[in-house]
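Q: Next come the chains, spelled out residue by residue.
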Amino acid sequence: MTVLAIAEHRRGDLRDVSFELATAGRELADATDGDLHLAVIGGAVEEFADRLDREGVDVVHTIDEGEEFNHDVYTQAVAALYDEVEPDTLLMPNSVNGLDYAPAVANRLSLPLVTDAIDIESDGVLSVTREKYGSKVETVVEVDANRAAVTVRPGEWPPAEGTNGAEIQEFDAEIDESTVHSTVTGFQEVGGGDVDISEADVLVSVGRGIEEEENIALVEALADTLDATLSSSRPIVDNGWLPKNRQVGQSGKVVTPDVYIAIGISGAVQHVAGMKGAETIVAINTDPNAPIYDLADYGVVDDLFDVVPALIEAFGGEPPEV
Amino acid sequence: MKILIAVTEVAEVEDDFEIDGLAVADQYLDYDLNEWDDYAIEAGVQLQEVGEEVEVVSVTVGPERSEETIRMGLAKGVDRAIRVWDDALEGEGQLGVETKADILAAVAEDEDPDLVLTGVQSNDDAFGATGVSLADEIGFEWAAVVNDLDLEPGDDVASVHRELEGGVEELTDVELPAVLTIQTGINEPRYASLRGIRQAQSKEIAPKDLADIGLDASVTESPITLTQLYEPETESDATVFEGSPDEEADQLADLLRDKGVVEG
Ligand SMILES: Cc1cc2nc3c(=O)[nH]c(=O)nc-3n(C[C@H](O)[C@H](O)[C@H](O)COP(=O)(O)OP(=O)(O)OC[C@H]3O[C@@H](n4cnc5c(N)ncnc54)[C@H](O)[C@@H]3O)c2cc1C
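Sequence lines, in order, name chains A and B. Going by the working numbering, the first sequence opens with residue 60, and the numbers climb by one from there. Going by the working numbering, the second sequence opens with residue 4, and the numbers climb by one from there.
In case anyone wonders, no lab produced these hints; they're calculated from the structure. All of these numbers come straight from a predicted model, not from anything done at the bench. Each hint should be verified, as a subset may be incorrect.
Claimed, not checked - Covered, in the sense of this in silico footprint (three residues per stretch, anywhere, with C-beta under 8 angstroms from a C-beta of chain B), are these stretches of chain A: (1) 139-150; (2) 305-311; (3) 351-364.
To be verified - Derived coverage of chain A by chain B (criterion: at least 3 residues anywhere in the stretch with Cβ under 8 angstroms from a Cβ of chain B; other residues may be distant): (4) 83-90; (5) 163-170; (6) 243-250; (7) 285-297; (8) 368-379.
What the hints assert, rightly or not - In silico DMTMM-like cross-links for lysine to aspartate or glutamate, where the CA-CA straight-line distance does not exceed 25 angstroms: (9) LYS335(A) to ASP151(B); (10) LYS303(A) to GLU172(B); (11) LYS262(B) to GLU279(A); (12) LYS303(A) to ASP18(B); (13) LYS262(B) to GLU272(A); (14) LYS303(A) to GLU234(B); (15) LYS335(A) to ASP353(A); (16) LYS262(B) to ASP286(A); (17) LYS262(B) to ASP362(A); (18) LYS262(B) to ASP356(A); (19) LYS262(B) to ASP317(A); (20) LYS335(A) to GLU236(B); (21) LYS335(A) to ASP153(B).
Here a beta-carbon is modelled for each residue, glycine too, at the ideal position from N, C-alpha and C.
This is chain B alone, in the form it adopts within the complex (with noise of 0.2 angstroms):
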């Protein structure tokens, strides 16, 4: 069995930050993996570890600098990394879905997985659409919003739990192959052990460009422009408490006393 994850690399933005024309200026962003990407790792490791053949591969769209998020991944135990980066995706600032969807497809044609995990959204666009549109472009089948994941390699179907607003689930039965997005929370992802850290160091990442994937930068083109980014003005009124912590504590004891939360 072959399970392909798509890995991203997210940018946070700091406290205080400035903006320079249409993005956040550079050096107020830290680089991180997306956050449900980790747990979709950890959705794929631990289907390697029941002990059948099962071989585990990372593909990420992005610049060298994502390596450092990819050998994340390695180092948790996924076996081998694929990079796909090219000039003509430098400073489009932000890929549109279609673009991403073709360039992960393109892999996928070339890796023959029988299962794609991939975050439910990256952190920072949060579009929250890059695993569907995936599976639409491939012909696989798929479930967004995954919390819950039963399925032993060798299987023909999984059995998920999708995990729907106001503490509800979806029973869904996926034929495989599937894509699946996977929600926080629906396991615990491990860290790197050492070892691992050291093994991540021999491991493949495969840098590719558009080229080695039989695209162009034709797949860039995108009806879509961002023409805005700034930050909201803030709809806030609230009465911020002032002075060293010990008077902030004191002025928002009284606060619950005079709201009666306690008494005297």
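Next comes chain A alone, as it looks inside the complex (with noise of 0.2 angstroms):
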């Protein structure tokens, strides 16, 4: 089976979820003894094609096409490289840009589409593992059919590494500048003011758990008993609870704590890639399915609204009526 991965750079630098991909990839075209192609897409071109180079990538294709992400640019050269390669299977990345792409590639090449995968298998048959329901369950979906393209979830593979002599061969995709009706006019970063959550030691989080916005007060309550700093997960930040420099999470912070205590927060994957690396994880969840479990190294299964006000008052502290 013949694997075709597409690669992802942002503002000079190729993402880790490149050489997760020639993981994943490799892993897929291993099961038939056949071929890895990868590809990228504008920017350093021929800079990134080497260092993609790395073990069990056979082809490194080069689009010199623009600096940066463009969608219309990047639907147009996968489906053009497609063509020419006529891959088994086409693996791009579960990323915002892969949303942004992905899906109008697998529309206009007519192949089946499976988004976000952990896991994928093929023994003729193309198996992908996914997650439902906040991570709750998980399925299997086959597809029947020859060719089909597959997101990845950013962190489940390793990253290939190594170097592996790989072809390196330019590609013109002739892109028709008329179809490109998009235009990316520049780059902002959020957050900043008053405290950097990532340089914290102790982080108190707050997650949906909380309820209302005047709960608030007690978990920020704990965090000074603490001496601890305040982050939350995404929808506290969307709720205007608080700012958005305290969210954790792939779209907010990654932090690395000594130790995190998540209250109330189920630990969705987006929340997971930015708190992972915290050394001690602590979780008060009342369920105790939650997939925050999965990380917890020590877990209270229980109310918040019980525990942490007993959790103030353990240090003699008093907490706040909500």
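Need the complex rebuilt from these two chains, each delivered in its own frame; the hints are there to steer you.
A: Printed below as a string of structure tokens:
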């Protein structure tokens, strides 16, 4: 089986998922003794191609179109290269940019699409494992077709290492500029503000389990008692209860404190992406099956409205009324 | 200007549940408006409130039960709703991306909107692909994971922010007509007012089957089949503190002292 995987880069750097795709692609190609092709579109393609020449990679295609990601260009370029390479499986990252072009590519090529794969196998038939209901269940879907597109969850495969002497080929995708109807005009960093949660040694982190804005005072009091920094999952920030710079996760900050106390946080994959590097993880959550417990070192399976006040009191503090 | 908003009802699984064949047993599922769609509705309704002539229409692929969810949108200001369902879709469990995109494309072709809004993903299946597939299917421009929208009715370009990973946003100009997939946090979704809820009762929810939108059962054909559904084996090796909340808190306090978080 021939596999074609599309690398990702941003602002001059290849993103980790590119090397993870190489591993996933190699595993899949190995199942049938096939070839693994990678492609990189835009930016410093030659330099990127050298770096993408990792173990297991047979060919790296460079498509020298634009500096940064543009989905109109990517969609055309990937479709054109697909027609040239004729792979059985097309792998793309399940990143934010992946979400912005993979479905269009699949639609244009009439390929069945399975997104956010956490495992892929093939014994002639492609089967893809993915999660449903916020990680509460896993599903396996089989793709009964000769060709398919799959997007791969970042962080699930180890990055490919080493070098392989892959063949590097330039590909002219002949982009039709008249069909490019979106323009990337720049980038903006968000966050900043009063604290940098990525610097904190101890984080008290609050999630949707807190229910109401007024109740934030309770976790604030705990953070004060522990001399810790307050952070949160996304819904708390979306609700405007804490500023954006407090958000831990894929689109927020990556944190690596000594102790991370997750209070009323389920542990969605996008949250975990930001805190899995914490040294000690404590979870307070009523649901013993919440995915956060897969990572936690210590857990209190109980109501935060009972546990947090008791914890404040255990250190001689006075919990606020909520 | 006409705005079409794809709204879906999602199932949430209770903490304790059982699996029945290839699905979570229905009694453990609660149905609700998809979180991301709530923000998409708000984005549409805000555009309507600018004062120009803007019609906001929602479209849902879902059984009769989903009318409750659809009414939530109507109560928040959506003008009218379309609900597509068909016996051929019954029992499909999980509709493939192509099926959904084909159905929504047929509705979009009828309605001829200037702007289509969807959520980034639906909370249950989390495929995250419907909006962009739809855009490509109907030949609209698009942007995925939009968390800031600068558009006035009548403009032919929308300036959006796309929320990338790691606290970085991409600024992009998108030519209309376009599909935007809306990220949570882009706005503050309103609560439905009592008046809105009352008004919603008299707004139209047009039920349509596949034939009504010019499709037939072949739209459900998909090479993708669900073959397994199971609870993942827990990888948890967490030490769980036991006892009353006070006892649990004491053990946790000891741990935090041990770790040097708190002295003494
Ligand atoms: C593109 C994209 C990017 C994203 N980026 C991020 C990101 O950067 N960061 C992020 O966090 N999320 C992000 N998300 C959102 C993510 O998917 C989840 O929706 C979010 O993390 C859920 O937050 P939560 O755990 O607080 O809420 P929920 O998932 O609702 O969990 C609440 C938890 O609280 C528990 N609970 C309820 N009541 C109590 C109680 N009384 N006592 C104890 N426990 C209780 C429940 O059992 C549950 O486990 C992103 C999503 C997308 C699509």
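Q: Look at each hint and say if it fits the structure.
A: Verification of the hints:
{"no.": "1", "hint": "139-150", "in the structure": "violated (count 0)"}
{"no.": "2", "hint": "305-311", "in the structure": "holds (count 3)"}
{"no.": "3", "hint": "351-364", "in the structure": "holds (count 10)"}
{"no.": "4", "hint": "83-90", "in the structure": "violated (count 0)"}
{"no.": "5", "hint": "163-170", "in the structure": "holds (count 4)"}
{"no.": "6", "hint": "243-250", "in the structure": "holds (count 8)"}
{"no.": "7", "hint": "285-297", "in the structure": "holds (count 7)"}
{"no.": "8", "hint": "368-379", "in the structure": "holds (count 5)"}
{"no.": "9", "hint": "LYS335(A) to ASP151(B)", "in the structure": "28 angstroms, violated"}
{"no.": "10", "hint": "LYS303(A) to GLU172(B)", "in the structure": "13 angstroms, holds"}
{"no.": "11", "hint": "LYS262(B) to GLU279(A)", "in the structure": "20 angstroms, holds"}
{"no.": "12", "hint": "LYS303(A) to ASP18(B)", "in the structure": "29 angstroms, violated"}
{"no.": "13", "hint": "LYS262(B) to GLU272(A)", "in the structure": "30 angstroms, violated"}
{"no.": "14", "hint": "LYS303(A) to GLU234(B)", "in the structure": "33 angstroms, violated"}
{"no.": "15", "hint": "LYS335(A) to ASP353(A)", "in the structure": "10 angstroms, holds"}
{"no.": "16", "hint": "LYS262(B) to ASP286(A)", "in the structure": "14 angstroms, holds"}
{"no.": "17", "hint": "LYS262(B) to ASP362(A)", "in the structure": "23 angstroms, holds"}
{"no.": "18", "hint": "LYS262(B) to ASP356(A)", "in the structure": "13 angstroms, holds"}
{"no.": "19", "hint": "LYS262(B) to ASP317(A)", "in the structure": "9 angstroms, holds"}
{"no.": "20", "hint": "LYS335(A) to GLU236(B)", "in the structure": "19 angstroms, holds"}
{"no.": "21", "hint": "LYS335(A) to ASP153(B)", "in the structure": "35 angstroms, violated"}
Checked against the numbered hints above, the structure violates hints 1, 4, 9, 12, 13, 14 and 21; every other hint is satisfied.
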